[in-house]
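Please build the complete structure, drawing on both the sequences and the hints.
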Amino acid sequence: MSATTTTALPGQKPPGARATRARSKRDGLTRRDARDGLILVAPTLLVVVVMVFLPLAWSFVIAFQKLRLVNIGSQGLFEAFTFENFALVLGSKELWSSLWITVLFTAGSVIGSVVVGLIAALALRKPFRGRTFIRASMLLPYIAPVVAVTFVWRIMLNPSFGIVNSVGRDLLGWTDPIPFLTQKEGMLGILGAQIPVPTALLTVIAFQIWRFFPFAFLFIMARMESLPAEIEEAALVDGTTPWQKFIHVVLPQLLPVMSVLVILRTIWTFNEFDSVFLLTGGAAGTGVASIRVYELLTVQQNVGAASAQSLVLAALLVVALGVYAAILKKSGSRFE
Amino acid sequence: MTTPVRTRLTSDSIQRAVLKIARPMTIVVLLIVCLLPFWYMFVLSMRPIEQLLRDPSRLWLTFDELSLTSYLKVLLPTSEGGQGFGTFIANSGFVAAGSVLLALALAIPGAYAIARLPFFGRRQISVLFLAAYLFPSIIIAIPLFAVFTRIGLRGSLVGLILVYAAQTIPVAIYMLRNYLESVPVSVEEAGLMDGLTRFGVMRRISLRLSLPSIIATGLFVFMIAWNEFLFALLFLVDRPAQWTVSLGLSRLSGAVEVPATVLMAGSVVLTLPIVILFFATERLLTGGLTAGAEKG
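As they're listed, the protein sequences go chains D and W.
Residue numbers for the first sequence, in my numbering: 1 to 336.
Residue numbers for the second sequence, in my numbering: 337 to 632.
Since the hints were made in silico from the structure, they are not lab data.
Hints are not guaranteed to be accurate.
Now the stretches of chain D that chain W is said to cover, found in silico as 3 or more residues with beta-carbon under 8 Å [as the list claims (entries may be wrong)]:
#1 57-66
#2 139-146
#3 156-167
#4 241-250
#5 301-309
Bear in mind the structure is a predicted one, so any value in this text is a computation, not a measurement.
Using N, Cα and C, we set each Cβ at its ideal position, and we do this for glycine too.
Put into C-alpha cells, the structure is as follows:
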C-alpha cells in the first residue's frame, strides 16, 4: 500500500526544519491522495454502477414481479410483488433438464479447455524456431469473432457439403453423414456395442474447448516461463524421469494458476450464450441455461420469469464456486 | 545393484523417446486444429458455390476457379444487390473505436487510483468490479433494454458504446492496475517532490511509463467490442442500418438463398481486421493480458 508513508519513516528523517516541513507536506499529500483517489475512481465507478449494478438490482426486483415484455418501463418499480415467477421456474421440468445440460456443458468445456491448454503449454515449453508464430496461431480461436467461427464450424460439419462428413465418407468409410449439430442422440459403435451419445451437446462442447483452450494455454504458458529453473535442475540431477518431473515438480507449481483458470472459465461457461445460440440455437439437447433465459425473454416475453431463472442460476453458481473454493482451501492447507 | 539403475534408465529413456515423437506431433495436430477452420473459411470464400458442391473435400484453390464474386455480393450496398457489409464495417469500427476511447478514459484514472492511492474502499472496489462477471450478461440486458428504449438510446450505436465500455472496464482496470503497480514508486515520489501535483505525476510520469499496457488494453477492448454479438442482437436487430458486422453476418444465415461461400466471405470480412490487428501486436497484447499471472 502506502509507499508514501514508508519514505516518511523516522530513520530517513533529514535534519532540521526542512524535515518538519517535508513531513507536514507529506501528511497533507496522503490526505490529498485519498481525496484524489476518490475523484479519479468516481467516474469509473459511476458508469459501472449505472450500467451494470443498477440493472442487476432491477432484475432482482423484476424477478419478484409479474412483468411482460410489453409492460416493461410502464409498470411501477415496486408494484405487484409475487413469488409466482419462482414457482413457475422451479416447478418446470425444463429448468432441471436445462440445468443438467448446463452442468455437463460446463464441466466438459472447462476441464477440456484447461487440459488441452496445459498440453499445448507443455508442448511449446522449450524454445524453438517459429515458436512465437505457432503460439500466436494457437490463440486465433480465442480472439476471432464468435459469429465467424461458429459459421465455419457449421459449414464444416454440414451433412451435405461439409468437409468433415465428406472426408468421413471418402476416407473413414462412414455410410451416412453425421448431423453433428442437429442430432440429439446418436449411436456410437464401440467393439460391437451400441452406445448412445449426445451428439450435438458433445459437438458444442468440442467447439467450446477449441475456442477457449487458448485462454488456459496463454496463462499456463506465462506461469511456466516464470518457474524457477533450479528446482527442475535439482530434479534432473536426482535422476527423475520426465513423467516424475512433470507430476512432482512442474504440475504442483502450476496448480494455483490452473485452479484460478477453472474458476474463471466455470463462471463464463456457465453463462455462455453466443456459442450455443449460434451453433444450434439451443436445439437438439443443447438448451443450456442462458438459452432458456433468452427464450423466456423473447419467445414467451415473460421478463419476470427470465429474471427469476437467472437469479436461481446465479445462486447455484455461487454455491458451486463456494464449495470449490472450500475444497481448494482444504487441500491447499494440507499441501503446506 | 545394477538392476534398479538399469530399469530406471530404460523407463527414463523410453519416456524421453516417446516425448521426442509426441511433442512435435502434438504441436502439429494442435496447429492444424487451430488453423484449419480459418483456412477453410478463406478457401470457401474464394470458390464458386457450384465447385464446392461438386468437390466438397478439396482444401486448395485452383487458378481457374478463383473468384471474388462472394466478396462483391457481401460488400456491395443492398441497393446494388449486395448485403451492405460496407455500412456494417463502418458501424463496427465506430462502435469499437468509441468503446476503446470511453473505456480507457474511465479505466485509466480508476486503475491508477486503485494501484496507487489509499482511498477509502479501495480493496472492495476491485472485488465489486469482478462480481459483475458472475451474472449472465443477458440479465443485465433486460433492464438496459427497457431504459434505453425509454430514452431513445436502444437503436443507436452510442448506446452500444456505453454498454461495451461498462462491460470491459473491469478487465481494463485489472490489466492496467497490474502494470501501474510495477512502475517504481520512487519515480513518482521524485515528481511529487519536484512540485508536480498528483494528477501531474499521473499524466506525465506513470501513464507515459505504462504506455505499452494502455495500448494492449485498448486493443483488447477493441477486439471485444468488434466481436460482440448478444447486445448488438438485442438492441439493434430491428435497425438494419445500424447493424454491426457480427450482427449482419448472423442475420445472413437466417436469410434464404445465401450460399455458404457468401457466408464465408462475410466471415472473412469480420475476422480479417481482428487477425491482422492481433498478429501485428501479439507480444504487446499477450504480455498485457498475462501481466501479474506470472506471480501465480
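For each hint, the structure was consulted:
1. 57-66: holds (count 3)
2. 139-146: holds (count 7)
3. 156-167: Held - the region 156-167 of chain D has 7 residues with a Cβ nearer than 8 Å to chain W, which meets the minimum of three.
4. 241-250: holds (count 3)
5. 301-309: Contact hint for the region 301-309 of chain D vs chain W: holds, 3 residues under 8 Å.
Violation of the numbered hints given earlier is absent; every hint is satisfied by the structure.
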